[in-house]
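2 protein chains.
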Amino acid sequence: MARNIVARTKDYPQWYIDVIKAAELADYSPVRGCMVIRPNGYALWEAIQADLDVRFKETGHVNAYFPLLIPASFLAREAEHIEGFAMECAIVTHSKLQKGADGKLAPAGELEEPLVIRPTSETIIGSMYAKWIQSYRDLPVLINQWCNVMRWEMRTRLFLRTAEFLWQEGHTAHETADEAQRETLQMLDVYAAFAEEFLAIPVVKGAKTDAEKFPGAVTTYCIEALMQDGKALQAGTSHNLGQNFAKAFDIKFLGRDQKLAHAWTTSWGLSTRMIGATIMAHSDDEGLVLPPKAAPHVMAIVPIFKSPEEQAKVSAFITRLLVQLVGEAEVAAAAKRVGGEANASLARYFFDKQTNQSIVVDWRDNRPGDKQFHWEQRGLPFRVEVGPRDVDSSAFVLKKRLDRSKEVVQLGAGINADWLRGQLDAVQKAMFDKAKTFRDANIRTAASYDELKKMIAEQPGFVRCHFTPDRANEAKIKEETKATVRCIPFDYNGDKATAGKDIYTGAETSTQVLFAQSY
Amino acid sequence: MARNIVARTKDYPQWYIDVIKAAELADYSPVRGCMVIRPNGYALWEAIQADLDVRFKETGHVNAYFPLLIPASFLAREAEHIEGFAMECAIVTHSKLQKGADGKLAPAGELEEPLVIRPTSETIIGSMYAKWIQSYRDLPVLINQWCNVMRWEMRTRLFLRTAEFLWQEGHTAHETADEAQRETLQMLDVYAAFAEEFLAIPVVKGAKTDAEKFPGAVTTYCIEALMQDGKALQAGTSHNLGQNFAKAFDIKFLGRDQKLAHAWTTSWGLSTRMIGATIMAHSDDEGLVLPPKAAPHVMAIVPIFKSPEEQAKVSAFITRLLVQLVGEAEVAAAAKRVGGEANASLARYFFDKQTNQSIVVDWRDNRPGDKQFHWEQRGLPFRVEVGPRDVDSSAFVLKKRLDRSKEVVQLGAGINADWLRGQLDAVQKAMFDKAKTFRDANIRTAASYDELKKMIAEQPGFVRCHFTPDRANEAKIKEETKATVRCIPFDYNGDKATAGKDIYTGAETSTQVLFAQSY
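Chains as they are written, first to last, in the working numbering: chain A, 1 to 519; chain B, 1 to 519.
Only true hints are included.
Copies of the same chain look alike in the list, so a pair counts if it works inside one copy or between any two.
In silico DSS-like pairs for lysine-lysine, Cα to Cα no more than 30 Å straight-line:
1. LYS353 / LYS336
2. LYS213 / LYS252
3. LYS131 / LYS21
4. LYS247 / LYS96
5. LYS336 / LYS293
6. LYS231 / LYS478
7. LYS454 / LYS231
8. LYS57 / LYS247
9. LYS252 / LYS104
10. LYS353 / LYS400
11. LYS336 / LYS429
12. LYS99 / LYS478
13. LYS353 / LYS293
14. LYS482 / LYS21
15. LYS429 / LYS353
16. LYS478 / LYS96
17. LYS131 / LYS104
18. LYS10 / LYS434
19. LYS96 / LYS476
20. LYS57 / LYS293
21. LYS96 / LYS213
22. LYS482 / LYS96
23. LYS99 / LYS247
24. LYS21 / LYS57
Hint data in this document are derived by calculation from the structure and do not stem from the laboratory. Note that the coordinates shown come from a computational prediction; the quantities given were computed from them, not determined experimentally.
So that you can see chain A by itself, here it is in the shape it has in the complex (with noise of 0.2 Å):
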């Protein structure tokens, strides 16, 4: 089989892209800086969809949609928003297309204001906000929009940082100051259990800086999570935005004490970045690794065979397997369906309806050993194999993508949903204990600049010392290394801080950090 994925070691972003074009996952699009998320990718968004849209409404929230157009005014209202989205905008300023007199369509219909395409919604959702909250009797607003945004970025690389992306974004307003920080900090812990729980990537919850702050809060919260090549990536943010946005648009109600306050406003976000966090925490030079509760197939089942009979004979035995697995009621529910994917020879067999998981039966027209690479390189937790002999012994052959081991199985009356659920399971433990031995072994401690920079220069890698944030020092740091201060730790911080000395300054801090290079 030709490598068409190059190995981590040698070429680490090519690695990444490469990883996403076997699994076609996504793809680049003729519009500068938009990608395309091809099925295979969709469904792990869906995936991801689906689980935190369960944990948003089990702690409260309901969804609801806002305009994708912000006039360009609006964002101006905030003095910090404004300047840190101006400069990476999409301007919609006509409202028509028209033939000029070359003959080429250009645009017409110039609208009164310029519309800006939201990069993020506050501004528009704050003056929704002041129309509907009139009293604390309002009070909490607890929001949600599942949407899309844009930033015009300079570089793009797939799902990390493209001009159009995916994400959520929860909008909540409060009737107090304490009830805002709690909403802030309950939507981080929601964050960082989707990622560790269902994602399997173990994150660092912390603070920003004032440095990295989101454009607007009062305090952004953030999940840290480690990719093998030691970079940092921000895998999710919840923002305390106090009675910043609240002023700007007027977002006032009468309290309980019959006086008009504004109102307290958080948001938190997201996005299809996730999926990249994903992809790179856990696949290997083989492709994607998927963890087991993201993959839209947990299993593919590849038959052998070389004559009719064979065939005939491999696929009763599949068959049995496959009533074992999910059961005679979608054994039948799917020899009625088309194909789950875009070649009808591929039979898709529900597994989890509820989660839309699946075991795919792959009996296209290919070389086995062509098929077993296939489904290998798209992730799937398990391969099958049976072949005529395995018929004849009642067994087939269990391949495991995490560590790529080969098991024989007796096809016993213990081989049942409730068999492969165990066996997902491990895997899904398996692969979030790897990817924490992982991160925990490249959290190292500096005592001074100097350790930090010769640590960050040899492997990069969290780098934790204690450090008083300062936008300044940090931008010379950055300058010197590539590091940023990818978060304040809770766990080194507040009531677990201890004295020391600033690695920048040498002044007395209780404040730890952890620098690191990041996506």
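With chain A fixed as given, assemble chain B onto it according to the hints.
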């Protein structure tokens, strides 16, 4: 209670807006032509998405995501397509905002080519299919996309006609013309089944005339529904695009005969307009009436009490009722959750986790009459009232939204999830039957153009007649009657065709159509 909804007979368009406002389904946004879909309205879209998405997946489709922005030149590649959309496009021309000499923000960073916010995605998707499809082995491609689109409309109407709206657009590519036609009709059937089974809206299936078809399609099929004011509403369309877009975007494949051929493509879409259809098909002068399958909350329970003792007594009884309806585990889980709506004193209990439907108990500090009014206007299938006297007789009052009937129900062992499901199914069926009776009563047959004119003028509705589709004649009839050919129904044509005379020209024709004024 102050009347906040005008009667249908008095002012139908205002009634529609009043219903939406009272149920808090949507709101106008500060951006002209763009609406905000509020949580109550968005929950309907989520229900629609969930149900349709299963139908798409069961027919072998997968979801993907393509860019929001399309190069203007792409739209121009298909002549009819650009004609149809050029005059109502949002055009992106710049990539940032900069302060001018006057201190005001103005667009800067002009793009080389203007980009159009997708009004529909045949062109951008076609350009990708050209890249992905090489051989007949790559076919069929069966992709759907859930997204936002923009068409700058002159007159907007909440849900029915807004500049930005949400929809799904399926785009498929096939090896043969036959297969593409089968797909086109299959998706029309999916839409019809969805509208009738899920939203309880009876629809007529048929083809559009050339004058009314999608710009660039060979044939457009549609489902047409009748609203209570007798106007028709196009509720979903499925287009056989022939090889038009394949030729415009060079989607070619090497066939089984080793020759290069253009693929045959289809597209089909259904939008948030369907929420407008649902509102208009079923609601009454008291406000929204939701089909049970689409209702986010299937029941609201309103406690009545005057003292803490009465509250305790009523609360215990409601808990008993809830345990019987949703089970003890869910009652315990709900106790830990925040309220599902903005106000935490609204307790939400999941009745069906898979469909995300719940029962809400309204403990807010309002008068019971106000609460009844609140939930009535939100269209919940059932409301329950429980006061101390009801508890004494171990009963509750069940109010049915559809016919506004009241019934005293004993809380026996038979009051359980199955009982509620049965009640909901009965309402679902009754709503469909009611809408169908209305629809059928409003299809009249005209034998002459004078009859058609008279019928349309006297009382809106569908008018059936023999007519040969013809752009010029349709335009004249539209001018005189404001009615258009809604469709050429399958039910009166094909093998069900009968000979007759064209009501406009008097010529012999076997084609029968439905005329109506429409949304």
